[in-house]
Amino acid sequence: MSTKQPGQSKAQRREAARLKAKELREAEERRAHRNAIARRSFIGATGVALAGGLGYLGYLAVNQNQGKKEFPAAGKGLATEKANQSGVPKQVLADASWTYGEGDKPDTVASSAPVLDIYFDYSCSHCAQFEGIHTQEINQLLSDKKITLALHPCKLLKQEWTSVVMNAMGVVLDEAPAQSLSFHGAAFEIFSQVLETKNQSLMTVDSLVTAATKVGVPSEVSAKFKAAVDSNKYKKWVELGDKAFADRDLQGTPSVFFKGEQVDLGKLQSPTSLTELVTGSTPTAQPTQQSSEQPAQQPAEQPAEQQPAEEGAAEQQGEQG
1344 MSTKQPGQSK AQRREAARLK AKELREAEER RAHRNAIARR SFIGATGVAL
1394 AGGLGYLGYL AVNQNQGKKE FPAAGKGLAT EKANQSGVPK QVLADASWTY
1444 GEGDKPDTVA SSAPVLDIYF DYSCSHCAQF EGIHTQEINQ LLSDKKITLA
1494 LHPCKLLKQE WTSVVMNAMG VVLDEAPAQS LSFHGAAFEI FSQVLETKNQ
1544 SLMTVDSLVT AATKVGVPSE VSAKFKAAVD SNKYKKWVEL GDKAFADRDL
1594 QGTPSVFFKG EQVDLGKLQS PTSLTELVTG STPTAQPTQQ SSEQPAQQPA
1644 EQPAEQQPAE EGAAEQQGEQ G
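Using our numbering, the first residue of the sequence shown is number 1344, and each one after it goes up by one.
By construction, these hints were calculated from the structure, which means they are not laboratory data. Predicted model only: the values in this text are computed from it and were never measured. Beta carbons are placed, not taken as given, at the ideal position from N, Cα and C, and that holds for glycine. One thing to keep in mind: the hints can contain errors.
As the list claims (entries may be wrong) - Mimicking DSS-like on lysine-lysine, the simulated pairs with C-alpha atoms at most 25 Å apart in a straight line are:
(1) Lys1433 to Lys1569
(2) Lys1363 to Lys1353
(3) Lys1541 to Lys1576
(4) Lys1433 to Lys1579
(5) Lys1363 to Lys1448
(6) Lys1579 to Lys1569
(7) Lys1489 to Lys1419
(8) Lys1579 to Lys1419
(9) Lys1610 to Lys1488
(10) Lys1579 to Lys1557
(11) Lys1433 to Lys1567
(12) Lys1602 to Lys1448
(13) Lys1425 to Lys1576
(14) Lys1419 to Lys1610
(15) Lys1425 to Lys1489
(16) Lys1425 to Lys1602
(17) Lys1433 to Lys1448
(18) Lys1425 to Lys1578
(19) Lys1557 to Lys1567
(20) Lys1433 to Lys1576
(21) Lys1578 to Lys1433
(22) Lys1419 to Lys1602
(23) Lys1448 to Lys1489
(24) Lys1353 to Lys1365
(25) Lys1433 to Lys1365
(26) Lys1576 to Lys1448
(27) Lys1541 to Lys1557
(28) Lys1425 to Lys1448
(29) Lys1419 to Lys1586
Unchecked claim - Derived DEER-like restraints, expressed as beta-carbon distance ranges:
(30) Asn1542 to Gln1428: 17 to 27 Å
(31) Glu1518 to Gln1479: 21 to 31 Å
(32) Ala1566 to Asp1592: 38 to 48 Å
(33) Ser1624 to Glu1424: 52 to 62 Å
(34) Leu1421 to Gln1594: 14 to 24 Å
(35) Ser1454 to Gln1536: 19 to 29 Å
(36) Lys1610 to Leu1367: 58 to 68 Å
(37) Glu1563 to Leu1421: 47 to 57 Å
(38) Thr1553 to Lys1602: 36 to 46 Å
(39) Val1452 to Gly1559: 21 to 31 Å
(40) Glu1424 to Lys1610: 28 to 38 Å
Just need the whole structure built from these sequences, with the hints factored in.
Have a look at this one:
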């Protein structure tokens, strides 16, 4: 549209053209901003599936701590003391981990049984995949007292969902410990559903309450989830897990150690592979098929252009948390 008006001087026409150009430029900027928001929202709903593959980027951020390392190398024995501080569940050890050695009873150790250490993030897609494959056999190994399971949480991927789950888990560990291992699995089931359906609306405190009810957590306990999440009651536990992960120079989740040695996740692709590892038996099951979008072993590095997906997921999760 022409900006020339009858009776305008050359200077006035020039100023009108400048203002029109400015309006067009601002309109274009607003349009680009709206598109960016829409794109991030879409990525937030689908890009959460990429979170497990962005572990290296998260690791770099976590590992900026250059202070004194307080923890022994990963897999080199259980922590010998409790964390024993406010904001950390009472069963949790000094390195943010907690153990099972007698079935699903936390804070126990199976006498003379080797330790299976699992480092994980509740927002990691590969951790959810690992949990889905191995939950049943881990429960059986614990029932048979073949292992002591040490679970090591961290917020490697910087996703708010991890804090939400850890605050709920903190309540369960403190007040309904007998259901804690089942609730751990139930939390990952929620995340697996999110990955499958690309529906982040499932990632809520209400979903965790429903999951807790299904695994036998008393309603008076799950009723405390919201207050714990709102106040970030177990923030110190999350921070402790991050510090332990960084101190041990780990580079991705899940990281699995057995008898002090890191296990190649490529060898843990069947629902009996952990049992075969523990017992030294010959493999009897075929590996499960892996989606090209969810490799079994988290890559050590991802292209830089994928980082906005992590930011979008964080934005979406922050709005829902």
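Going through the hints against the structure:
1. Pair hint Lys1433 plus Lys1569 holds up; C-alpha atoms about 20 Å apart against a cutoff of 25 Å.
2. Restraint check for Lys1363 and Lys1353: the C-alpha separation of about 15 Å stays at or below 25 Å, so the hint holds.
3. Taking the CA atoms of Lys1541 and Lys1576, the gap is about 29 Å. The hint is violated against a cut of 25 Å.
4. The suggested pairing of Lys1433 with Lys1579 holds, with an alpha-carbon distance near 12 Å, which does not exceed 25 Å.
5. A distance of roughly 71 Å separates the Cα atoms of Lys1363 and Lys1448; the hinted pair therefore is violated under the 25 Å criterion.
6. Restraint check for Lys1579 and Lys1569: satisfied, since their Cα atoms lie roughly 17 Å apart, inside the 25 Å limit.
7. Between Lys1489 and Lys1419 the alpha-carbon distance is near 18 Å, which keeps this suggested pair within the 25 Å criterion.
8. The straight-line distance between the Cα atoms of Lys1579 and Lys1419 is roughly 24 Å, inside the 25 Å bound, and the hint therefore holds.
9. Proposed proximity of Lys1610 and Lys1488 is supported: the alpha carbons are some 23 Å apart, at most 25 Å.
10. For the proposed pair Lys1579 and Lys1557, the alpha carbon gap of about 28 Å is over 25 Å, so the pair is violated.
11. Between the alpha carbons of Lys1433 and Lys1567 the distance comes to roughly 17 Å, so the proposed pair stays at or under 25 Å and holds.
12. A hinted pair counts as satisfied when its Cα atoms are at most 25 Å apart, and Lys1602 with Lys1448 qualifies at roughly 21 Å.
13. Between Lys1425 and Lys1576 the alpha-carbon distance is near 18 Å, which keeps this suggested pair within the 25 Å criterion.
14. For the proposed pair Lys1419 and Lys1610, the alpha carbon gap of about 21 Å is at most 25 Å, so the pair holds.
15. At most 25 Å may separate the alpha-carbon atoms for a hinted pair to count; Lys1425 and Lys1489 meet this at roughly 24 Å.
16. Among the hinted pairs, Lys1425 with Lys1602 is consistent with the structure: their alpha-carbon atoms are about 22 Å apart, no more than 25 Å.
17. For the suggested pair Lys1433 and Lys1448, the alpha carbons sit about 14 Å apart, so the restraint of at most 25 Å is met.
18. This hinted pair checks out: Lys1425 and Lys1578 have alpha carbons roughly 17 Å apart, not beyond 25 Å.
19. The straight-line distance between the Cα atoms of Lys1557 and Lys1567 is roughly 16 Å, inside the 25 Å bound, and the hint therefore holds.
20. Annotation: proposed proximity of Lys1433 to Lys1576 holds, straight-line Cα distance about 13 Å (limit 25 Å).
21. For the hint linking Lys1578 to Lys1433, the alpha-carbon distance of about 14 Å falls within 25 Å, and the restraint holds.
22. As the CA atoms of Lys1419 and Lys1602 are separated by approximately 8 Å, the hinted pair is consistent with the 25 Å bound.
23. For the hint pairing Lys1448 with Lys1489, the CA-to-CA distance comes to about 14 Å; that is within 25 Å, so the pair holds.
24. Taking the CA atoms of Lys1353 and Lys1365, the gap is about 18 Å. The hint holds against a cut of 25 Å.
25. Of the pairs offered as hints, the one joining Lys1433 and Lys1365 is violated, with about 61 Å between alpha carbons and a cut-off of 25 Å exceeded.
26. Taking the CA atoms of Lys1576 and Lys1448, the gap is near 23 Å; set against the 25 Å cutoff, the hint holds.
27. For the given pair, Lys1541 sits about 23 Å from Lys1557 by alpha-carbon distance, which is consistent with the 25 Å threshold.
28. Simply put, Lys1425 and Lys1448 have alpha-carbon atoms about 17 Å apart, close enough for the 25 Å limit, and the pair holds.
29. With a CA separation close to 17 Å, the supplied pair Lys1419 and Lys1586 stays within the 25 Å bound.
30. Judged by the Cβ atoms, the range 17 to 27 Å given for Asn1542 and Gln1428 is violated: they are separated by roughly 37 Å.
31. For the pair Glu1518 and Gln1479, the supplied restraint of 21 to 31 Å holds, since their beta-carbon distance comes to about 26 Å.
32. The hinted window of 38 to 48 Å between Ala1566 and Asp1592 holds, with their beta carbons roughly 40 Å apart.
33. Range check, Ser1624 to Glu1424: Cβ separation about 36 Å, and the 52 to 62 Å hint is violated.
34. Between Leu1421 and Gln1594 the C-beta distance comes to about 22 Å, which sits within the given range of 14 to 24 Å.
35. The hint said 19 to 29 Å for the Cβ distance between Ser1454 and Gln1536, and at roughly 38 Å that hint is violated.
36. Between Lys1610 and Leu1367 the C-beta distance comes to about 60 Å, which sits within the given range of 58 to 68 Å.
37. Between Glu1563 and Leu1421 the C-beta distance comes to about 32 Å, which lies outside the given range of 47 to 57 Å.
38. The given range of 36 to 46 Å is respected by Thr1553 and Lys1602, whose C-beta atoms sit roughly 38 Å from each other.
39. Between Val1452 and Gly1559 the beta carbon distance is about 24 Å. The supplied range of 21 to 31 Å therefore holds.
40. Taken as a hint, the range 28 to 38 Å holds for the pair Glu1424 and Lys1610, whose Cβ atoms sit roughly 33 Å apart.
Of the hints listed earlier, those the structure fails to meet are numbers 3, 5, 10, 25, 30, 33, 35 and 37, in rising order.
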